[in-house]
Amino acid sequence: MSDHSIAALLAAYHDTAPDPDNPAQGVQFGTSGHRGSALSNTFNDLHIAAISQAIADYRRQAGIDGPLFLGRDTHALSRPAWHTALQVLRANNVRVVIATGDEVLATPVISHAILRHNAPGRKHNREQTQGLADGLILTPSHNPPQDGGIKYNPPHGGPAEGDITNWIEQRANQYIANSSGTYRSITNRSTTNPSAENPAEVIQRLSDDDALAGVEQQDLIGNYVAALGQVVDMPAIRASGLRLGVDPMGGTALPIWRAIAEQHGIDLEVVNPSIDDNFSFMPPDHDGKIRMDCSSPAAMANLLAIKDRFDLAFGNDPDADRHGIVDAAGLMNPNHYLAVAIDYLLAHRPQWSAGLKIGKTLVSSSMIDHVVASHRRELYEVPVGFKWFVDGLHQGRLAFGGEESAGASLLTLEGHAWSTDKDGIVLCLLAAEITAVTGETPSQRYANLTNLHGAPVYRRIDSPCSAEQKTAFKALNADRITTDSLVGDPIERVLTEAPGNGAPIGGIKVTTSNGWFAARPSGTEALYKLYAESFKGQEHLDELISSAQKLLDTTLA
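Counting from 1, position 535 in the sequence shown corresponds to residue 535 in our numbering; the numbering is continuous, with no gaps.
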């Protein structure tokens with residue numbers, strides 16, 4: 001985007017509002033909060049004010065009376081949305097805590113801050129009910145510069161569950177409907193007293209100066225960086241002398257990596273210190289759009305061009321909840337690195353209980369299944385979305401939770417919750433620990449795994465999906481699959497619920513001894529996402545995908 005386009009984007013944020021009678025312009029929470037753009041009337045001042053008022057209402061009815069950690073990333077819409085949220089939250093007497101010096105805040109820093117406040121001394125306190133903290137971050141993650149996003153993390157520190165986001169979504173849309181197309185706000189908090197049953201007629205709001213005067217500042221980044229030795233072997237990384245490079249991709253990871261280099265004394269170079277609303281330093285992604293996707297070779301081209309200067313190099317998306325791992329072999333496939341991380345952790349965390357499970361989404365590589373089984377541990381397979389790992393990490397039942405889109409978190413060395421949201425910083429540092437301790441790069445470690453378990457090939461594609469087919473997806477079950485084989489192999493399992501927690505997967509997964517496919521409809525586009533993996537090579541994968549598409553066409557008809 002140009003500076004002119006950014007100016008138009010910001011003007012649209014402040015000067016336009018959604019049409020209350022157009023559902024497409026309302027608040028819609030997906031797996032990672034509400035996202036949109038001011039240019040399409042899907043992320044405007046009224047959206048954020050309504051969501052913030054709804055969150056204040058939710059906190060009130062849920063009895064959450066501790067601080068709310070408020071953060072933002074570096075997207076152009078994140079700062080004005082942060083101010084909107086602050087004005088509404090403070091008008092509702094919410095105690096708001098921000099980073100020292102009004103610094104941008106990464107998602108894992110907020111998750112860690114919530115857990116640190118709610119479990120002093122890193123001891124998990126399940127009985128605490130008063131003074132609990134939660135968090136709110138303004139970020140559209142890795143999405144294009146014109147996008148905005150907002151996501152809420154309740155006191156467990158991770159992404160809010162569906163029942164919470166549904167409640168907030170409905171309440172926020174009620175506020176938008178009450179606006180009747182005109183945005184009204186008040187600055188006198190005493191004129192309304194909203195309750196869980198009876199929301200305020202108007203959104204409560206302070207002036208920006210009054211709102212800022214009431215915030216607290218804490219060194220949240222410093223607290224996070226100082227505690228990293230609890231979850232990663234920082235002395236081993238420092239002693240190894242590894243030469244590390246980092247591209248924060250213009251995001252919240254920048255101040256974190258600078259602090260890590262200074263406080264932990266590791267040989268680390270930030271190769272791109274730029275912060276730019278336009279993200280003009282970014283190469284186009286595979287489709288020509290600008291995305292700060294650290295799992296995309298196209299988006300990571302700048303770092304890949306200089307990878308030989310370093311032993312390892314890393315990338316993070318703007319809110320630093322995703323990781324990109326680069327070594328001499330190039331950018332690691334996210335599925336490959338998850339398998340390597342799990343294999344290493346299960347062999348190098350002797351303090352961890354043998355009863356801890358390993359979490360994966362059902363569209364992640366089956367290499368993980370083989371790795372977990374080889375260590376005689378139990379797999380915990382869940383639907384797509386990191387929220388399914390939150391309780392397990394929070395309660396210390398899961399040692400690790402990871403998803404195929406380069407997001408994961410893990411317990412501390414002593415087996416306590418570190419973060420219950422994805423932590424791209426820690427997963428990058430873990431790659432450095434792996435190399436420091438074993439003398440092998442993550443790619444070399446993955447090659448070892450393929451020698452043991454085979455070399456799977458994996459692909460995700462989007463296929464057209466009509467409204468009728470989307471409806472048919474909801475009725476899918478094992479009985480609807482009438483064939484007993486796939487590409488010549490007997491079908492072993494047909495899943496519409498995740499094996500780990502029994503939750504509906506929103507689609508279907510079919511497995512054989514040599515591969516699998518999974519399909520689920522998009523919530524916003526006329527397509528379904530098809531994931532497939534083969535342990536017999538590329539040709540078999542192509543046949544598997546073709547057979548899956550034909551099977552779905554027939555089954556959904």
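Since the hints were derived computationally from the structure, they do not count as laboratory data.
Do not rely on the hints blindly, as some may be mistaken.
Here are the simulated lysine-lysine pairs, DSS-like style, with alpha carbons at most 30 Å apart [unchecked claim]:
| no. | residue 1 | residue 2 |
| --- | --- | --- |
| 1 | K470 | K550 |
| 2 | K357 | K536 |
| 3 | K357 | K289 |
| 4 | K536 | K289 |
| 5 | K536 | K550 |
| 6 | K357 | K529 |
| 7 | K474 | K529 |
| 8 | K470 | K307 |
Hints versus structure:
| no. | hint | verdict |
| --- | --- | --- |
| 1 | K470 - K550 | holds (16 Å) |
| 2 | K357 - K536 | holds (28 Å) |
| 3 | K357 - K289 | violated (38 Å) |
| 4 | K536 - K289 | violated (33 Å) |
| 5 | K536 - K550 | holds (20 Å) |
| 6 | K357 - K529 | holds (27 Å) |
| 7 | K474 - K529 | holds (15 Å) |
| 8 | K470 - K307 | violated (43 Å) |
The structure fails to meet hints 3, 4, 8 from the earlier list, while all remaining hints are met.
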